[in-house]
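Protein chains: 2
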Amino acid sequence: MTKKGILTVISGFSGAGKGTIVRELVDRYGYAVSISATTRDPRAGEQDGVHYFFKTKEEFEQMIADGALIEYASYVDNYYGTPKDYVMQKLEQGIDVILEIEMQGALKVKERFPEVSLIFITPPDAKVLRERLEGRGTETQDVIEKRLARAAQECAYMDQYDYIVINDDLNVCVEQIHGLIQALHWKCVNQQGQIAKMKGEFANKA
Amino acid sequence: MTKKGILTVISGFSGAGKGTIVRELVDRYGYAVSISATTRDPRAGEQDGVHYFFKTKEEFEQMIADGALIEYASYVDNYYGTPKDYVMQKLEQGIDVILEIEMQGALKVKERFPEVSLIFITPPDAKVLRERLEGRGTETQDVIEKRLARAAQECAYMDQYDYIVINDDLNVCVEQIHGLIQALHWKCVNQQGQIAKMKGEFANKA
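Chains as they are written, first to last, in the numbering used here: chain H, 1 to 206; chain D, 207 to 412.
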């Protein structure tokens, strides 16, 4: 394996189970998950640097100007984004980092960092998605329909992801994604150090 | 996992251990290895359809004309190539197929079938490569120098492979390549069936 960590983006339909999967990946294998920066006020119990990096609007806009965010967006008068420093620091330490972000953000990250791998988590079929959303019992029927409509739209962009993983059984899926991320260490773009080393050694008539 | 098998090309420096690794992958996990067609005469003990598909020059040229070969080349008045039918048949049966071919052939396959994944096996460093070639005790120093010179040339094209795997410990490397090939089932290009299914279900208001 390479010594540097690699960056993977995980997205998926609402109800596909990505939140649980990412938590399991962190717990079982020590992946780091990026922490978002936001200008919204902390809620009860939220700690700076743990749940979010809390920033003023001026600080956030300075980060944008400095190119200090991997991606950002604004919702309802607040900014949300992924600070680059924290991610880079983990990668340098040899820790693989997972960014759990929605599709639009993911595609923006890929545009800016083509070497990043995008993983999309999908349930085995649309019926299962509806059942999972309804089974949660936390959302109104109206919200569920909106989420399904959004999933139907997102379908059109699945092709832009590098890997599509089917979450049929949570446990199996966590292991499969772990196996996938480990395998991604062998991607040519992540082995540039090894390639350069071999070239150098051959040039010096090993 | 998808029901169809996937096609992977494995190449590597002479002395990188790819022959042994491919044999282990077949023995441990039931991968199919493509069988080459050739116009050269069978040697003692070689069976048609097991070691090679033996063809006349006319038969081979008809296969070229029919587009029945994934790749081919001619060496010393004989043709060598990879028949498409055998590979396609295995893939349809859900069996993953490995093509163990040298770099030039591999890059030709990639050009024609961009969805194929190319894996390059390298020793940890050039010194190990020399030691392994010398340790075999089967080649003259002259042949070893030629192989090393060829490896030095091949270095320039490593970047065109999709994955670079370091063979430091044979056993570990076999498991890593198995993990990699299994993970490649999730590649977007291999999940077109799942994507089409989700699109269809959402279109029918699941």
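Honestly, the hints are just simulated from the structure, not real lab data.
Certain hints may be false.
Here are the in silico distance ranges between beta carbons for each label pair [to be verified]:
(1) 95/H x 374/D: 20 to 28 angstroms
(2) 406/D x 160/H: 17 to 25 angstroms
(3) 102/H x 225/D: 41 to 49 angstroms
(4) 341/D x 157/H: 36 to 44 angstroms
Now the stretches of chain H that chain D is said to cover, found in silico as 3 or more residues with beta-carbon under 8 angstroms [to be verified]:
(5) 25-32
(6) 42-52
(7) 56-63
(8) 93-104
(9) 143-157
From the three backbone atoms N, C-alpha and C, an ideal C-beta is built for every residue, glycine too.
Inset, instruction - Please flag the earlier hints that this structure goes against, numbers listed from lowest up. - result: 4, 5, 6, 7 and 8
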